[in-house]
Each structure stands twice: as structure tokens, then as C-alpha cells.
Amino acid sequence: MADESKLGATPTGTTEDEASFVDELAARAVAPYADLLPPEALAEMEAFIGDALATHPALAPLVARLRPRPPQASSAEQPREELRALLAQQPAHGGKKAGSGEDG
Amino acid sequence: MRPPARDRSAGRLTAAQRAWVERASYVPRIAARRVLRGGSRVPYDELISIGNEELVRAAMRYNPTIDVPFDGFAYKAVHFAMLKAQHAAKRLQGAQRWIDAAHLAGLDCGYEYLERVCAGDAGAEGAGPGDTGSAEESDGDAARRLEGLTDGLAATVFAGIAAAAMERRGEDAAIARLDYGRAMHALDDAVGSLSEHQELVRLRYFERLDWQDVARALGVAVATAVRDHQGAMRLLAARLKARGVDGAPLDESS
Chain A
1 MADESKLGAT
11 PTGTTEDEAS
21 FVDELAARAV
31 APYADLLPPE
41 ALAEMEAFIG
51 DALATHPALA
61 PLVARLRPRP
71 PQASSAEQPR
81 EELRALLAQQ
91 PAHGGKKAGS
101 GEDG
Chain B
1 MRPPARDRSA
11 GRLTAAQRAW
21 VERASYVPRI
31 AARRVLRGGS
41 RVPYDELISI
51 GNEELVRAAM
61 RYNPTIDVPF
71 DGFAYKAVHF
81 AMLKAQHAAK
91 RLQGAQRWID
101 AAHLAGLDCG
111 YEYLERVCAG
121 DAGAEGAGPG
131 DTGSAEESDG
141 DAARRLEGLT
151 DGLAATVFAG
161 IAAAAMERRG
171 EDAAIARLDY
181 GRAMHALDDA
191 VGSLSEHQEL
201 VRLRYFERLD
211 WQDVARALGV
221 AVATAVRDHQ
231 GAMRLLAARL
241 KARGVDGAPL
251 DESS
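If you're matching them up, the sequences are chains A and B in order.
Residue 1 is where the first sequence starts when you use this note's numbering, and the numbers rise one by one after that.
Residue 1 is where the second sequence starts when you use this note's numbering, and the numbers rise one by one after that.
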């Protein structure tokens, strides 16, 4: 049984950057109608398009694929504390593997 | 209240799909809570039932090679199914103001557009459920496809709202003209500028004919009318986007 608590306040699979990407796409989609419709109608239209982009089985996967992703930190950029923690998890005797080319 | 449907459909699932459904069985509860927080008109138990049905459908569509865990994939589909049920409940309850009815009519058109997209009737630019694009499709092409679908959806909702406002008679017509006059004028202009499928859009939005009658009036198959409608909506979206901000309100005498 999966852990329900892992969802927290954020729906599964919806990251913050994805949510803001959806908002941006929905705002862009309704922009041509901003001077044509009363604010109430425009807001409903924008909310509907945002919901569809975030949840519809045909649109949401495209959104997830295209959302901008923050650049991944390279190993060189990893904070020292995290590196230390990782190293601390390694077994004390590294276990030289046969044929690994490690000569000690 | 509808009986839980998960068991009924579960027989069609493979062992792997059943395992995904089992692991994600909490998803309908999360989605239902979210919908209820937004003020649902659909009772919790019914939302759960809808969610369980959609969970099974999501398992049938899910492609494990995509970089999204099943529960994340399913959550979105389940949430959308609940929102759609919520919209249907609003529809049943009826709107107190004609303006709300016009907005509901616009969203009806939007849901219908999405249903057609989902069914793969959208032609080359359509997207099936769970379709993130083929390996050969570049991000640029996928982005253009998403933009086309989103613009088509926006134009469809807009046309639904504006056409519903156009239908007003008597005292309501004056208010409609005041608040929605620009929209009505822009829609009329944009439809008038379509080089093809103009009649189809008029029959569907201005005459409010269903697809059977639209197809009959045009002498084509229903599937053809529906497919042409998707193309017409993208053209309409392009016209409305190109229009800029010079839409003038309707002349009082018109």
C-alpha cells in the first residue's frame, strides 16, 4: 500500500515549476480574449484551461515533457556536506573489485 | 450513488497494471479532497467511485517507460475526471443567471473539444491520452502541438461563451450586448473570415445544432464534421489571435 502522506500539499506528479508553466500557458492562451470578455468570464476560461493542461490525459503528459527544468547540479557543484554524507555511507573497506583497475 | 467500479474493470488488467492500481489506490482520496476543498457539488463517495474507475483506465493507458511514476500520471487523470463530473453536476443544477449559463455553455464546448482530442479525432495535431510525443518528435514540434491544442481549446470555449451570449433575447440581450458585445462582434468577424468550414462553425455555434444535424446539413459523415471542427477551431484561434485589440462593440442597431 502506497504512503498517502508522500503527497503532502502538492499533488503527485505536479511540481512547482510545472504549476507555474501551466499558469503561464493558460495565461498566454486567454490573452487574445482579454479585451473581448468580462473579467469574470476570462477568469473562468483561464482556470478551465489551466485545469485541463494540468490534468487532462492528452495535455498533461505534453506539459510534463515540455516544462522547463532547473539545471541539474553537476557533481562538482555538490555541496561538501552532502559529499561527506555520501562518503560516510560507503563501506570502510572499499572492496577492491577484481579487474576494476584499482591498484590501491 | 454509483457502486465502486474498480473490481468490475480490474479483470481486464494485466498483473502489472493491477499492481499499479493497488499501489495508487490512495490517489482518488487525495484528488477527491482537493476537489472538495474547491467546493464540490458531487458527494465524496461518488468522487471516489469516479476516481476508482479512472484509475483503472489510467493503468490501461500508462506507459512505464515515461519518466513519470504511475501515481503521478494517474492523479492528473483522476483529478480531471472529477472536475468534469463537477462541471456536469453544475450543469444539472442549472444556472441562476444567464451569464453563468453562458460560461457553462463555453466550458461544455471545451470539455467536448477535449473529449475529441482524447479520442484521437483531432487529426495530425491531436494527442492521445498519455501521449508525450514520439521519439522522433522534437521538443519544438511537441511545443507547437501543445500550443495548437491549447489555442484550439481557448477558441472553442470563447466561441461557446460568445455564441451563448448572442442567443439572449429581450432585456437580457441589451446586457449581453453591453458586456459581451466585443466578443460577439469578434467571433462573427473571425468566423466570417474563415476560408473553409465557415458553415460548420455557424451551424454548430450560432444555430446550436448537434453533430448529427451539422453533418446532415453539410452532407458529410459525423466523424468528418467533428474532425473538420478541430481544424476550424485552430483557424479561428489564429484569426482571433491576429485580430489584436481592435475589436469594436456591436452597433446597437445591429
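In case anyone wonders, no lab produced these hints; they're calculated from the structure.
These numbers come from a predicted model, not from an experiment.
Possibly wrong hints are sitting among the right ones.
[To be verified] Now the stretches of chain A that chain B is said to cover, found in silico as 3 or more residues with beta-carbon under 8 Å:
| # | segment |
| --- | --- |
| 1 | 40–47 |
| 2 | 56–63 |
[To be verified] Beta-carbon label-pair distances, calculated as ranges:
| # | chain 1 | residue 1 | chain 2 | residue 2 | range |
| --- | --- | --- | --- | --- | --- |
| 3 | A | R69 | B | Y44 | 15 to 25 Å |
| 4 | B | A217 | A | E16 | 47 to 57 Å |
| 5 | B | R33 | A | E16 | 27 to 37 Å |
| 6 | B | F206 | A | A27 | 25 to 35 Å |
| 7 | B | G94 | A | E40 | 37 to 47 Å |
| 8 | B | G219 | A | E16 | 25 to 35 Å |
| 9 | A | E16 | B | R57 | 19 to 29 Å |
| 10 | B | T65 | A | E40 | 40 to 50 Å |
| 11 | B | R169 | A | R69 | 44 to 54 Å |
| 12 | B | R144 | A | R69 | 11 to 21 Å |
| 13 | B | R23 | A | E16 | 39 to 49 Å |
| 14 | B | G192 | A | E16 | 17 to 27 Å |
| 15 | B | T14 | A | E40 | 14 to 24 Å |
Built from N, CA and C at the ideal position, the CB exists for glycine as well.
Taking 40 to 50 Å as the stated bounds, is the beta-carbon spacing between T65 (chain B) and E40 (chain A) within them?
Because 43 Å falls inside the window, the suggested range holds.
Outcome of range test on Cβ distance (R144 (chain B), R69 (chain A); 11 to 21 Å):
At 19 Å between Cβs, range holds.
Take a look at whether the Cβ-Cβ distance between G219 (chain B) and E16 (chain A) falls inside 25 to 35 Å.
Violated: the Cβ-Cβ distance is about 51 Å, outside 25 to 35 Å.
May I ask you to test the hint 39 to 49 Å on the CB atoms belonging to R23 (chain B) and E16 (chain A)?
24 Å, violated
Look at the Cβ atoms of F206 (chain B) and A27 (chain A) and judge whether their distance stays inside 25 to 35 Å.
29 Å, holds
Outcome of range test on Cβ distance (R69 (chain A), Y44 (chain B); 15 to 25 Å)
36 Å, violated
For the pair R33 (chain B) and E16 (chain A), does the Cβ-Cβ distance stay inside 27 to 37 Å?
Taking Cβ atoms as reference, R33 (chain B) and E16 (chain A) lie about 20 Å apart, which means the hint is violated.
Are R169 (chain B) and R69 (chain A) spaced within 44 to 54 Å by their CB atoms?
52 Å Cβ-Cβ, so the 44 to 54 Å window holds.
A range of 14 to 24 Å was offered for this pair. Does it hold for the Cβ distance of T14 (chain B) and E40 (chain A)?
47 Å, violated
Within the segment 40–47 of chain A, is the number of residues with a Cβ closer than 8 Å to a Cβ of chain B three or more?
holds (count 4)
In this structure, is the beta-carbon distance linking G94 (chain B) and E40 (chain A) contained in 37 to 47 Å?
18 Å, violated
Distance restraint hint 47 to 57 Å, applied to the beta-carbon atoms of A217 (chain B) and E16 (chain A)
Cβ of A217 (chain B) to Cβ of E16 (chain A): about 49 Å, so the range 47 to 57 Å holds.
In terms of the numbered hints stated before, the structure departs from hints 3, 5, 7, 8, 13, 14, 15, listed from lowest to highest.
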